[in-house]
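Student: Spelled out from the first residue to the last, the chains are:
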Amino acid sequence: ETGVTQTPRHLVMGMTNKKSLKCEQHLGHNAMYWYKQSAKKPLELMFVYNFKEQTENNSVPSRFSPECPNSSHLFLHLHTLQPEDSALYLCASSQEAGQTRGYTFGSGTRLTVV
Amino acid sequence: QKEVEQNSGPLSVPEGAIASLNCTYSDRVSQSFFWYRQYSGKSPELIMSIYSNGDKEDGRFTAQLNKASQYVSLLIRDSQPSDSATYLCAVHEDSARQLTFGSGTQLTVLP
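These protein sequences, in sequence, are chains F and L. Last residue of the first sequence: number 114 in our numbering, and the count goes up by one each step with no gaps. Last residue of the second sequence: number 111 in our numbering, and the count goes up by one each step with no gaps.
Be a bit skeptical, because a hint or two may be false.
[What the hints assert, rightly or not] Heads up, simulated PhoX-like pairs for lysine-lysine below, C-alpha to C-alpha not over 25 Å straight-line:
1) L:Lys42 with F:Lys36
2) F:Lys36 with F:Lys52
3) F:Lys36 with F:Lys22
4) F:Lys22 with L:Lys56
5) L:Lys42 with F:Lys19
6) L:Lys42 with F:Lys40
7) L:Lys42 with F:Lys41
[What the hints assert, rightly or not] Okay, the calculated bits of chain L under chain F, using three or more residues with CB under 8 Å as the criterion:
8) 8 to 16
9) 42 to 52
[Unchecked claim] Residues from chain F shown here face chain L by an in silico Cβ test under 8 Å; the list is partial:
10) Asn50
11) Leu90
12) Ala97
13) Phe105
14) Ser107
15) Gly108
Don't read these hints as lab results, they were simulated from the structure. Cβ atoms here follow ideal geometry from the backbone N, Cα and C, with glycine treated the same way.
Use the sequences and the hints to build the structure in full.
Tutor: Written out as structure tokens, the structure is:
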């Protein structure tokens with residue numbers, strides 16, 4: 001257990017479904033991140049939250065909707081996804097965005113869109 | 001577009017040998033550099049960080065940074081089969097708000 005917990009670990013959803021990914025960190029960090037990891041590609045930053053405020057949206061399609069109710073929790077709401085959205089979705093946290101000494105990653109959610 | 005480049009591999013070394021992993025980056029003002037290890041099906045795990053030119057050693061791992069050449073490397077001495085994983089290089093500019101990752105180098109240590 002890394003201090004960053006993601007649920008579910010695996011998710012299979014149809015293109016018309018709505019689902020949510022959850023991330024919780026127990027490290028007292030103030031920044032949280034969503035990354036997408038596809039095979040043979042670099043980690044792609046999706047969203048950054050710093051002290052609950054969204055500071056980055058890396059041109060992510062609107063079918064991905066983040067929510068950060070507090071510094072310890074981060075959600076990624078999914079709706080009308082496409083098969084190419086199938087990937088490993090990683091949550092990470094750091095002490096504060098822009099002053100990182102490295103991120104701590106969660107175990108990820110393996111998403112398959114059918 | 002800031003880029004971090006790594007050879008994708010796979011890189012194979014025999015057990016006990018030195019594994020050398022390389023990374024170049026395009027942003028000259030990058031200040032912080034990290035190596036993550038990612039086992040198949042697992043999340044990335046931070047194993048080394050380096051902030052100034054030169055070498056930094058931690059056990060069997062040595063990170064080397066050359067900012068003039070925009071080059072950072074990771075050496076693994078006495079490689080073990082348990083070191084077999086994908087190694088991700090990550091670079092951070094202090095004024096930015098996120099890390100930029102390379103695509104990773106897959107390392108296999110052969111028993």
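Student: Output the indices of the hints that this structure fails to meet, ascending.
Tutor: 4 and 8
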